[in-house]
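Take the sequence shown: its letters are residues 2 to 518, numbered as in this note's numbering.
A portion of the hints provided could be inaccurate.
Below, simulated DSS-like cross-link-like pairs (lysine-lysine); rule was C-alpha separation at most 27 Å, straight line [what the hints assert, rightly or not]:
id, residue 1, residue 2
1, 311, 235
2, 206, 314
3, 178, 377
4, 308, 319
5, 311, 354
6, 206, 275
7, 354, 377
8, 275, 235
9, 259, 235
In case anyone wonders, no lab produced these hints; they're calculated from the structure.
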Amino acid sequence: MALRARALYDFRSENPGEISLREHEVLSLCSEQDIEGWLEGVNSRGDRGLFPASYVQVIRAPAPFPLALSAGYTFPLVPYGGSYQPSQGSDDDWDDDWDESSTVADEPGALGSSYSDYEAAGSRASGRYHLSTRSDSSAKSSAMVSRNLNRFSTFVKSGGEAFVLGEASGFVKDGDKLCVVLGPRGPEWQENPYPFQCSIEDPTKQTKFKGMKSYIAYKLVPSHTGQQVHRRYKHFDWLYGRLAEKFPVISVPHLPEKQATGRFEEDFISKRRKGLAWWMDHMCSHPALAQCDAFQHFLTCPSTDEKAWKQGKRKAEKDEMVGANFFLTISVPTGPGATLDLQEVESQVDSFKAFTKKMDESTLQLNHTANEFARKQVTRFKKEYQKVGHSFKCLSQAFELHQQAFSAGLNQAIAFTAEAYDAIGDLFADQPRQDLDAVMDLLALYQGHLANFPDIIHVQKAAGVCRFGHALNSFGAFVRMMVCHDVLSWSRSSFALIIIKRCCCYLFIIFLAETCF
């Protein structure tokens, strides 16, 4: 008989892999074993996915009463429709895919009558957070804290939850520390003591496997070494992946999009080189990203030394200071002015959230309008001016048939006018390269940042809900900064994300935004 369960509360899915539930809805379970408080099943609409185990009640068939019992033996009856009891966990393969397997979420009714009533009411009220305890005696300070039900959220995947719950641990080397200082606009990254730039030039088509495979290689020349190296797009893609994993709350700009066809066309190669140049300018000017070991390895490892490249690549991929441990590498300022008011910061976060939403919409609109206008300049405007020029040229040819000396000057003037209109059409076709192309390349960089901010803000919001119930052994902090280039003034724009110590019982994630676009 298939396992079934009845939904106790409504549940709305918010992430891929989840399904929504309606109260009193009957579901089919794929397995009775929960995974970190989640079950997999199929709802009445045929959707298959995950849902919180505490939101359902397993429907069990009544156990058949035995015909004969030995004297003195009491048969343990199982109540029909008994409350779901979470499994104790195991060491099977699920541990490889699901984190924090040592913590089991307490469900309503598991901690006694009065406490369970309070906990069940809190679960229904919040909908997303509930109390949890550790089963072992070494729970430390993270016992009795809120844990996110959604194990796929950015807050969990980025390591923010593990850090707030005090589960991050590791030895931080001096070279891995990232310092934050108090600037005129608040907390900001400490400037790179050895700033540098890197140019991307001469994209060339190269081959390997005796010409069986072709690719485009870009020449990179960092100013602090002066040694040129060649990198393919796949190397840029690898670097982006490492940086995005290591710095979960720093906005790493997106790379130019991949393209399966037309990769060796001149226009595409030129456009990609410009996009990579914008990306590289931002990376080199960012105080934190520019000093990352993976980034320096990407810039300095000789193109011909395959062994050194693989060693540096493995070292970057085995970096332990990622996820929750990344927050341990942040050194925050202390003293007067370092303490921030929570309400003021929350107000700035909400204001910045509204700003990024509006800016995202505006950049999309501007990008669409600029693209359309550039297309008209290259095609329609050029065509219209050349059509006028052709008309004047026809008129000039007509006057040439009239062999009169007094009309020679007029004929030349008409022919010159025709050539002028043709030249104006060519100028219109070439104009987007002089202005709009650069603006659209910069907009693409900003759109990559704006796409990152919702997840970064989500980490801050989720951490504000997840609070400690006991004193913490230690406090940590992190600041996330960006350095962007303004279209006109090329000024820097800072976006800071900080965790600060408020008191002995709470740890807040605070997002500070100071912009100067």
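Comparing the hints with the structure gives:
1. 311 x 235: holds (14 Å)
2. 206 x 314: holds (24 Å)
3. 178 x 377: violated (51 Å)
4. 308 x 319: Distance of about 17 Å is within 27 Å: holds.
5. 311 x 354: violated (41 Å)
6. 206 x 275: With a Cα-Cα distance of about 17 Å, the restraint between residue 206 and residue 275 holds, given a limit of 27 Å.
7. 354 x 377: violated (35 Å)
8. 275 x 235: holds (17 Å)
9. 259 x 235: Measuring from Cα to Cα gives roughly 10 Å; hence the hint holds.
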